[in-house]
Amino acid sequence: MPTRTPAVQATALTKIYGTGDARVIALDGVTVDFHRGQFTAIMGPSGSGKSTLMHCVAGLDRPDLGAIRIGDAELGELSDDQLTALRRDRVGFIFQAFNLLPTLTALENITLPFDLAGRPPDQTAVDRVVDVVRLRDRLGHRPSQLSGGQQQRVAVARALVTNPEVVFADEPTGSLDSAASTELLGFLRRCVDEFEQTVVMVTHEPSAAAFADRVLFLTDGRLVDELTAPTADRVLDLMKSLEKVTS
Amino acid sequence: MLKAMIRDLVAHKSRVVMTLLAIAVGVAAMVAAWLISDSTATALSAQRSRTDVGIAVQRIDSDAALTVAQSKQLADLPGVRGVSVVAVGRAGLVGADGKLVPGETVPEYAGTNWSRTSRFELTEGRAPAKAGEVVLRDAEAAKGQLRVGTRVRILLADAKVDTPVVVGLFAYRSLGPRSDPQLGSDPVPAVAYDARTATKVLGDDVERIELTVVPGADSTALTAAADRITGPGFRASTGETLAAASAREAADGAKDLRLALLPAAAVALLVGMFVIANTFSILVTQRTRQFALLRAVGAYRRQIRFSTLVEALLLGSAGGAVGVACGIGLAALLLPLMNSDGRIPLAGVPVAVLLGLGIGLLVTVTAAWSAARRAAGISPMAALRLDHSTPRAQGRRQTIIGAVAVAVSVVVIGLTASPSAENAARIVSLLAALVGVVGVLLLAPVLAGFCLRPLLGLVARRSSPALRLAVRNAVRDPRRTAATGTAITIGLALICALGVLSATLLSLVGSTVRENVPAATTIVQPAAGGEAVLDASTLELVRRLPEVSTAAGSRDVVADISYRGGQTVRRVSAIEPHALGTVFTPDLVSGVADLRQGAVVSKNQADMLGLRLGDELTVTFDPAHQVVTKVAGIYDATELQAAIFVDVAAVPERTRSRLSLIYATGPDPVAAKAALDRTFAVRPDVEVIDRDALVTRLQDVQRVGFAVLYAMFAVAVIIAVFGVVNTLILSVTERTREIGIARAVGAGTDLIRRSIAWESLVISTFGAVLGVFVGLGVGAVLQHAMLGQHLADLTVPWLVIVLGLVGVIIAATAAAAWPAARAARTDPLRAIASG
Ligand SMILES: Nc1ncnc2c1ncn2[C@@H]1O[C@H](COP(=O)(O)OP(=O)(O)O)[C@@H](O)[C@H]1O
Ligand SMILES: [Mg+2]
Chain X
1 MPTRTPAVQA TALTKIYGTG DARVIALDGV TVDFHRGQFT AIMGPSGSGK
51 STLMHCVAGL DRPDLGAIRI GDAELGELSD DQLTALRRDR VGFIFQAFNL
101 LPTLTALENI TLPFDLAGRP PDQTAVDRVV DVVRLRDRLG HRPSQLSGGQ
151 QQRVAVARAL VTNPEVVFAD EPTGSLDSAA STELLGFLRR CVDEFEQTVV
201 MVTHEPSAAA FADRVLFLTD GRLVDELTAP TADRVLDLMK SLEKVTS
Chain F
1 MLKAMIRDLV AHKSRVVMTL LAIAVGVAAM VAAWLISDST ATALSAQRSR
51 TDVGIAVQRI DSDAALTVAQ SKQLADLPGV RGVSVVAVGR AGLVGADGKL
101 VPGETVPEYA GTNWSRTSRF ELTEGRAPAK AGEVVLRDAE AAKGQLRVGT
151 RVRILLADAK VDTPVVVGLF AYRSLGPRSD PQLGSDPVPA VAYDARTATK
201 VLGDDVERIE LTVVPGADST ALTAAADRIT GPGFRASTGE TLAAASAREA
251 ADGAKDLRLA LLPAAAVALL VGMFVIANTF SILVTQRTRQ FALLRAVGAY
301 RRQIRFSTLV EALLLGSAGG AVGVACGIGL AALLLPLMNS DGRIPLAGVP
351 VAVLLGLGIG LLVTVTAAWS AARRAAGISP MAALRLDHST PRAQGRRQTI
401 IGAVAVAVSV VVIGLTASPS AENAARIVSL LAALVGVVGV LLLAPVLAGF
451 CLRPLLGLVA RRSSPALRLA VRNAVRDPRR TAATGTAITI GLALICALGV
501 LSATLLSLVG STVRENVPAA TTIVQPAAGG EAVLDASTLE LVRRLPEVST
551 AAGSRDVVAD ISYRGGQTVR RVSAIEPHAL GTVFTPDLVS GVADLRQGAV
601 VSKNQADMLG LRLGDELTVT FDPAHQVVTK VAGIYDATEL QAAIFVDVAA
651 VPERTRSRLS LIYATGPDPV AAKAALDRTF AVRPDVEVID RDALVTRLQD
701 VQRVGFAVLY AMFAVAVIIA VFGVVNTLIL SVTERTREIG IARAVGAGTD
751 LIRRSIAWES LVISTFGAVL GVFVGLGVGA VLQHAMLGQH LADLTVPWLV
801 IVLGLVGVII AATAAAAWPA ARAARTDPLR AIASG
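Sequences listed follow chains X and F, in order. The first sequence begins at 1 in the UniProt record's numbering and counts up by one. The second sequence begins at 1 in the UniProt record's numbering and counts up by one.
Just chain F, same shape as in the assembly:
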């Protein structure tokens, strides 16, 4: 009996090819996601195994400084064999194209002193020896197309510029975690000068002191002694502690990466499951007579069930194997693209292989389970009936459950729709949306009937016979149409929901910036982006321009905030009080925009923290700097932007000279912008932009994140299209006789081919349109829950919808080619002869 089943598989390869592909693509996505995160983690932790440092004294408070006397004291500690000081300073590397080279570290910390420790590994040239010489990290040099022997421009602090010759390239090996509030961090430098030149060019800002110790020294005692010498601004840790912390950080990083990649792969698998389940369901229906015959001749129910599951098992392992191979290939291809510096070897392959095969099997067998049960339930009498339409008893129950789910979902979402809802309510509303989606999927067969039957009447009168045939076939089994279409629905719903979220977010970002920043304001910001800052000299430069009348800097820092309701960490912007109302005009909801009277807080932050006008607020920048203020004004803004403004006079000195961006304007805004453009034309590390460009910048940052998700969900849609091909092939087989008769009475091959293409289009379009509606609904809830908006305030992502629909239509038409060709080849005589 297994023999019969396996021969059946082999004999009808085309039936299974698409199922195999659906499994393989899902598994490949999973395996690739796993491999990429695992390899990255392995590479990260492998990079950081420096063993030559016994104890590292790391700066943890950016204001702290170390005296010469203190470092001498450290060197004199018993058991310390050698001391190596690590200084950092501002060094913006200018590439061959005259633009700032984007580096691993922001320019403020990108310069350091060369040392003969294992921090540096020369990969080309020689070490820097004197003023006028410099070595660059290989990755940044490659990005900036800077070669050994050429002169390079380096932007130093206080608008100074150095132009040394590149004498070598190095690879950097960091010690300890990249960022850890307790242990401090080891920024990866792009530029290194010899020690003496470094002091002159970069200043003597000590970031870290590395101590080598004699074997057997008591590291606990030494760490304590070092801490006593340096005071609270520095923290001494042993090499082992740092290595462990860095391993932990690498593992966390890998986990984050995995958490980001795996859900998307899981979506692909879920859609794959729909395709598989549908395929098996059709296969079982087609083999009703065979199963019934087997039952009549004496096959137990469990034998029938078992044979179907074995079939799933075979398909699952084959698809899993193909998927694993493709996944490994994909990971090998993508890894170099995702990590521009350094080659990352594939790691975790054995686990990925097992994972891929296991998931392939699990998913296929799970998906085939209900089909197998149905197969086992076929009565032996079914062999004798000529028409094998099995009564659909569960249809009514499914419809009722679906309708109830949708109703419950709508009611719950309605109840939790308030934009000021608590987090718990928002989560409930997301869950309700999920329930609603399940409900719609359950209702899909009924919806298919509803939508397509009127269509049948429409095409019956005036249209080509091919279209009539196609619509009739799609309507004949609405359950199959729905099951095939819903795989597409899921993919497109995800894309649309994401589209709503991103479009809403982007328009929100745009509208808030436009509302809060006057068009006349020019923005001066660091070109390096991210956490990069400008120093006080830049603000001075701006202020000295005669065309500029008002200039203010926003210093964005993360600070502890305690308030009546509790304590939290928030991004706080320190700005000059005169900026409000001139270069920055918050759209006040209540109170006054006067920082001298207190903080100005965005409405959504105030809602979230339960703050009202006059409430007291304690902002802690670092243990030594605490500001007590009160809420003076509340304004309208998005959740993603700096939302708490305080008077710059209150913040620590160092924070004051780290400007995230500068707002400037003058009596003639155009002249002011022109003057700023001119002033900073020679400064690749500074960007001068107007308000609309600022909007675009902010939106671009969001777009990048969404692009990755779009790509992932597009994979799901591709899998769903495989499902359409599969269903069509199976239904062509099912209708061989019918097509044969049509051919015999005079239907041309062209008519047959076009009718199959139309059918593909009808099924896919049904799935896609349903997906768009579901996606808009889910998107509305999503933007409510994540952005705190009203449900109806969504921005419809027209471009995404049109592209999605057009893409599905093209894919469906292309997908129909193969089954259509098969159908057209049907031999009229054989079709009628075959039972």
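Chain X extracted, bound-state conformation:
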């Protein structure tokens, strides 16, 4: 696996919030590669900088120091419009909640990136993702008429529909019950296995991390450890040992 070229490369990322007493170093020189066709999970205690890392590498926020490369694009060199187009066409994003526009139907939410680009939707891509997340019979519904799990599946479909170079997910199962979580993680896994999709996911549940190929551990804005081919037990063990180190 290390032979594969990275889809996303982050080098020495530093992000600092606030000044003086309120100063927080959210990211402290993080250097990391996310490989093509690999499912990476990021774990760490609350406040360790997981979300900040996600937002920076996804082009939602800019780091104070360091560089990010997605494919051939150096994010620091892009204008706001170019960055926006990159998010639209080459990156997929799934938030913990509030992924959907309430006035659009499920299908319209899924095809939103095409709508924004002013292109007709790629019908085969739409059919494919709709089948993957099994939403065919819910396409005409508004978000308010869908369950939480269904809403997150719509979000997954939207993240995948442009066939992006990388999909970022920030605790996508955070507000789902275990059955819905397992189902959603299954979809992400299938995308990696069947379509060579690159997926990066933040989670704090070892069972979720077990779906990944590789798990990164973040503490106080620093990468502290890494696991490949994880199981829930191995993740839990590592988390415990890390806790001991920090305490």
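No lab work stands behind these hints, which were simulated from the structure alone. One thing to keep in mind: the hints can contain errors.
As the list claims (entries may be wrong) - Far from chain F, by Cβ distances over 10 Å, these chain X residues were calculated:
hint	residue
1	His-35
2	Asp-81
3	Thr-84
4	Asp-122
5	Leu-242
6	Glu-243
Stated by the list, open to error - Residues on chain F that point at chain X, a partial pick, calculated with CB under 7 Å:
hint	residue
7	Arg-7
8	Ala-296
9	Ala-299
10	Pro-380
11	Met-381
12	Arg-397
This structure is a prediction, so every number in the text was calculated from the model and none was measured. Glycine residues also receive a C-beta, built at the ideal position from the N, C-alpha and C atoms.
Start from chain X and add chain F with the ligands according to the hints.
Structure of chain F with the ligands alone, referenced to chain X:
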């Protein structure tokens, strides 16, 4: 993405209804103002297209007369086919109720001779043929409820009365402008006798001679020839020249009307803009998360901005369309009310439609512009933050600019506060007041915080939970409270400023009259008002009464005045010297009140013209009558009253016998008044009043003008109240969750409803009180600039203030009903479930 936005609009109709109304009312006011002025202009110019007159010889000097020989000479000019003489004379028409019928023309010129030209168009009955018969103009007949076949009383010159039978009604078509110093005028008569009777009853005062000419005649040569025959008192013009002048006059009239109506409509639009801007600002805040999500998923900034502007565009066109429809309806309703005679068809509708729609769009898009920019500036990260309070970076800058504006305004107004300031200084001080108002509006959020926070502490201890909740909500976002309240501030400030001006003016009129006219003086004046006059016989009648010892007439005329500093046109009053100090007692500041020694001038006129005691003054009544005099005395008076008095002996004969009013008194003033009352009881054209009634009359004239403006500004306040409703609805939506939780922990629907009503009241009262203060300030400057008073000499319009505040409070309470009901309906479960 547009789809999402439009669905959002449709899904939340209540959010937009009030915005639509605000746009619609402003546009309706604009469209109605436009239509009324345009239709009036079209009707005026359409009325006046007589084509049967080749050349009109018009009297321009009221003293000039025409001999029989001269009119024969005119008839004999080569190319002249026919001559029609137009005579005028005094004819006061008495209505069925025994009162003088107010006519288009003052009684002095309201009678004329019937002719078979297109001047008259019989609308009922037949033409007058012999003595004892008369025809009336349809409009005046209707006003006086005089019908064909009945006998009518007509008040002639020298206190004579005629009682002919009405045999017909006519519509009048005038030739040329209604009043033009160069071309003369064609007064619209109310009464017409046959030619022979007219000479007997009205006299043979020739006003105009109309010549019909053979086709192809040289009208330039004819005009010159006619001028040679008649001399300088008359002026010959071709029919075309007169038609063109009358069209110009109509256009000027329409322009004046438009200039009077449109600014008021613009104020309504301005307030509407505040409402729209505020609505969009709240909408953007509420949709922060949606916009952020769109940005995260890949919407460009310009796409977000565009979607907000499209939303404004949709609202603007919808509101504009509703406004245009309402404006047309309003104009159709108001036109008949504004023009008592004749039906005026709506004109200029296509232009008004375009204007209304265009302005609706422009105003909405302009108002939404800054909200759209803010929406586009939302960072994609905002989707992830749970609390969507955006940092208010511009708040501090706004406060600083506001404070500087207020400071500059106060300093400049202070520097230009002298009552004897030049016009330029007065304009500067008005502009400074405007800057100050802008400053206060910018400071409004800070002021809202200042005023409401102490209130919060006050209600925290001992008051109903509903009030506590309401005040807390109003204080929570002082910027929103201020933005909502300031729409009301603008409306009420205008009303209050106007109130100050009118109250000051009225009290000024009252106090000057009381100061200059003794209580013992009785005033005899023409009942027709305006430019109407009494003749010398009336003054004789007054003087002959044994109870009257002193009587003097004031003849007010407009005359050219040249003085050391230049030349100007002023109203001059010619009066008997003995009147000063007896029936009229000017409050002298310097010099003597003796007209035999020179003119007596009011202080503000003297200040304005730079006149001092002893300065020479040349008064030109007409080219033949020039009086050189000097300033003998200066007295205290308002700017609006006759301000230059001269000796009646100096004025032309004709002017002397045209009395604007007569002052009279006797050893027993009460007996004198009673005698005058008795004498003129049979004269509906003469009014006998005491000093206080004179004050009331003068004040009423001013009040009418102000009433129209009040009505216009009230529209602005109504629009502002729509804004309050809108803000409340939006804030109820914003607080669905909070209200739901309150309901879940046991707040009754009644508590919720009352808290929303209180909030409306708090916001509106804040806006209204701020408006009263701003209005008083602006009013002080206004009365200084327009009436030449000290800033502190303003009269506070208590009634206006109380009515304004009470009106706003009632409106705000009523306005809260809908949002309050919505809030009370909030389902506790759904509110908590919804994100
Ligand atoms: N917008 C912000 N302003 C200030 N501090 C922030 C902001 N966002 C995150 N932080 C701080 O940065 C640190 C990392 O946050 P985050 O990346 O959200 O952590 P995680 O997702 O691992 O819980 C935390 O201490 C958090 O308080
Ligand atoms: Mg996080």
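Fill in: Violations among the numbered hints, reported as their numbers in ascending order
2, 3 and 12
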